[in-house]
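Please take these sequences and the hints and turn them into a complete structure.
Those protein sequence lines, which keep their order, are chains A and B.
Going by my numbering, the residue at position 136 of the first sequence is 664; the numbering climbs one at a time, nothing skipped.
Going by my numbering, the residue at position 182 of the second sequence is 640; the numbering climbs one at a time, nothing skipped.
Just so you know, the hints here were simulated from the structure itself, not pulled from any lab data.
Any given hint might turn out to be false.
With the C-beta cut set under 8 Å, the calculated list includes, among others, these residues of chain A facing chain B [to be verified]:
(1) Ile533
(2) Ser535
(3) Ala571
(4) Ala699
(5) Ala801
(6) His804
(7) Val805
(8) Ala807
Non-contacting residues of chain B with respect to chain A, defined by C-beta distances greater than 10 Å in every case (computed) [said to hold, decoys possible]:
(9) Glu493
(10) Ser505
(11) Gly693
(12) Val729
(13) Gly750
None of the values given here were measured: they were computed from a predicted structure.
The C-beta atom is built at its ideal place from N, Cα and C for all residues, glycine as well.
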Amino acid sequence: MEEVIYSAESQLRSPARFVADTWADLRVSPGLAWRLFLHSLRANYRRSWLGYFWLLAPPLATTVIWVSLNSARVLKVGPTETPYTVYVLTGTMLWQVFADAINSPLQQLSNARAILTKSRVPHEALLLAGLIEVLFNLAVRLLVLLPVLLWFRSELNLTPTALALAPFGVAALLLLGFALGLMLTPFGLLYQDVPRGLALAVGFWFFLTPVIYPWPSSGRAALLAKLNPVAPLLEATRGWLTTGGTTAAREFVLVLALTLPVLLAAWLLQRLARPHVIARLG
Amino acid sequence: MTREAAVLSVSNLSKKYCRDLGRSLWYGLGDVARELTLGGGSARAGSLRRGEFWALRDVSFELCAGESLAVVGANGAGKSTLLKILYGLIKPDAGRVRVAGRVGAMIELGTGFNPVLTGRENVRVGAALLGLPRAGADDLIGAVADFAGLEEFMDTPVQFYSSGMQARLSYAVAAHLRPDLLLVDEVLAVGDLAYQRKCFNHMRKYLDEGGTLVFVSHSPYHVQSICRRGILLEGGRLAFDGTAVECLDSHFGTQLRGESGDGANVERRAVVLDEDHPVAVESVAAEATGGGELRTGEEVRVTLRYRALRGTDALWGFSIWTGDQWVCVTGGLDTTPRRLAAGAGELRCRIPRLPLAAGSYWLKAAVIDPDTFQPLALLGWRDTPQPFDVAEDPTALKNTRTMVNQLTVLEVLWD
Numbered sequence: 529m530e531e532v533i534y535s536a537e538s539q540l541r542s543p544a545r546f547v548a549d550t551w552a553d554l555r556v557s558p559g560l561a562w563r564l565f566l567h568s569l570r571a572n573y574r575r576s577w578l579g580y581f582w583l584l585a586p587p588l589a590t591t592v593i594w595v596s597l598n599s600a601r602v603l604k605v606g607p608t609e610t611p612y613t614v615y616v617l618t619g620t621m622l623w624q625v626f627a628d629a630i631n632s633p634l635q636q637l638s639n640a641r642a643i644l645t646k647s648r649v650p651h652e653a654l655l656l657a658g659l660i661e662v663l664f665n666l667a668v669r670l671l672v673l674l675p676v677l678l679w680f681r682s683e684l685n686l687t688p689t690a691l692a693l694a695p696f697g698v699a700a701l702l703l704l705g706f707a708l709g710l711m712l713t714p715f716g717l718l719y720q721d722v723p724r725g726l727a728l729a730v731g732f733w734f735f736l737t738p739v740i741y742p743w744p745s746s747g748r749a750a751l752l753a754k755l756n757p758v759a760p761l762l763e764a765t766r767g768w769l770t771t772g773g774t775t776a777a778r779e780f781v782l783v784l785a786l787t788l789p790v791l792l793a794a795w796l797l798q799r800l801a802r803p804h805v806i807a808r809l810g
Numbered sequence: 459m460t461r462e463a464a465v466l467s468v469s470n471l472s473k474k475y476c477r478d479l480g481r482s483l484w485y486g487l488g489d490v491a492r493e494l495t496l497g498g499g500s501a502r503a504g505s506l507r508r509g510e511f512w513a514l515r516d517v518s519f520e521l522c523a524g525e526s527l528a529v530v531g532a533n534g535a536g537k538s539t540l541l542k543i544l545y546g547l548i549k550p551d552a553g554r555v556r557v558a559g560r561v562g563a564m565i566e567l568g569t570g571f572n573p574v575l576t577g578r579e580n581v582r583v584g585a586a587l588l589g590l591p592r593a594g595a596d597d598l599i600g601a602v603a604d605f606a607g608l609e610e611f612m613d614t615p616v617q618f619y620s621s622g623m624q625a626r627l628s629y630a631v632a633a634h635l636r637p638d639l640l641l642v643d644e645v646l647a648v649g650d651l652a653y654q655r656k657c658f659n660h661m662r663k664y665l666d667e668g669g670t671l672v673f674v675s676h677s678p679y680h681v682q683s684i685c686r687r688g689i690l691l692e693g694g695r696l697a698f699d700g701t702a703v704e705c706l707d708s709h710f711g712t713q714l715r716g717e718s719g720d721g722a723n724v725e726r727r728a729v730v731l732d733e734d735h736p737v738a739v740e741s742v743a744a745e746a747t748g749g750g751e752l753r754t755g756e757e758v759r760v761t762l763r764y765r766a767l768r769g770t771d772a773l774w775g776f777s778i779w780t781g782d783q784w785v786c787v788t789g790g791l792d793t794t795p796r797r798l799a800a801g802a803g804e805l806r807c808r809i810p811r812l813p814l815a816a817g818s819y820w821l822k823a824a825v826i827d828p829d830t831f832q833p834l835a836l837l838g839w840r841d842t843p844q845p846f847d848v849a850e851d852p853t854a855l856k857n858t859r860t861m862v863n864q865l866t867v868l869e870v871l872w873d
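Dropping the structure here:
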């Protein structure tokens, strides 16, 4: 018969028990996450007439706005390696993966607040369900992107090798966003300032990333681009999707290598903070 | 009982909360940091930080398989905090909980239900959250729908369920997962009587089959129906541990002592006798003629001690009030004038069979002018009345009377 001990001691003082508890939660999480995702999908769009259109609306609207502004020469966007429509559409969709992923952990756990304070739910399942939702949203958006890529294919360099690398790029953006979002989650559940600040920061970050215009290659702005971890991931993935290669491969690997320990640390923090946060949620 | 045999062992359990939200959040950050640095879950586990209070303090008890424990106490006594710790939702600040087996819980009505999803979908999610495989979940849905009597509503979103229907679904889901320890927090209060009976029968069967139950309820009916043992929490501390019936008795006793009317704590002042105040009531007391506690149906003597400025004709009487001083239960007035001698004296009467149900009461007295019917002297009307208790051995019948606020007991000749 299983035995459970609850005490005031840090969970890390009993590493074997901590690992066993963690494993028990991780074991049930994938199946549970899938079911939670399916049910949440139904719940999300049950009271919506336009349904999944709302997934397509933001990147479409951004593309239409920026292409119109560029054609009308209201803004001076530098030359891009691909047609500007393709540049903006791929940029916004990839950015959206990062933005959705950074917001997902806090959103998932905040929405499940009533469940978390009354039921012993593996949080990993809720977090994983959030990731599946981000991927699902991307899949729906790809339904728009793919015909556009095919339409412009004569002006692009679509190579099977590069296209095969694109999913890794998407995964890297997803992991980076998720790791940063997860790190903020315990604080975000305690303090409302965190989600508000995050919304502001993500909005600002969008303009510091080469999403809708190519980033200058020299000067102070170039330095900012070098420090921005999203930039190489987005640039490389867009390159694989449209030009058949990238010049940011080295930076991509470096950011990915740093993302994994951050993700592990964020998850550990989230797991250890859990009972203290729940005690203050209700 | 040995610790090994116990399904649930709770030792010196303490949990503190902070009244100030801002501070509480700040302390939360500190507690998380200590968790990361291998410290205790909370700073100085034995002491309170500014603004904190003990929601639970040094609570210890054990529970074996087949036992049912009622957790009784006023609002804010720490019942739900205890259940949340037993369920593993929050950490204690000191002490230890050991559970041998799987815990299932209904911490609150509609726990975990997504209002937009149907009953069927919610059961499926609930089963998955508790680690049940998909095939098991399908079987569970049938059993839950049948038990809850909600077959026709399983495909209706839960937001359209009444609170009673949600209670049915809550209980049916938790109970059908067959945990080793079942925690139930006040969720049956909204179900109809037929469903409550069904749940109680189910709980008895669960206990007979070796299940263990911790049951929180404000309803003595529910507690007495299900639980043999009871603990009373007062201000986070374990105030009583015994049978459920004794526990409720102790709880009601505490509640009645806590209820006192406006004049209950007004100090009695010595009256200086003069022409305006020719008589003063010094004291009034109700005592069992045979000595010991006052008991329902037994003889009681009421004694009033007075001081009079001079010989005075007067009527005298007394009245008995409820613990909150809102209701005068009964009383007596001697309508035959009698002569009070100058100086100190006593007036006495007997109640042959005390008609009061067990509980705490107040005694007030009056000495009245027989011509004008105006009071000459009072005790307990503008100052503290005399408290007294009527005792009865703790029984389910006594708790039922207390719960329905029965104040008197009739002498009935049953055919």
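>> Hints numbered earlier in the text: which of these fail when held up against the supplied structure?
In response: 4 and 9
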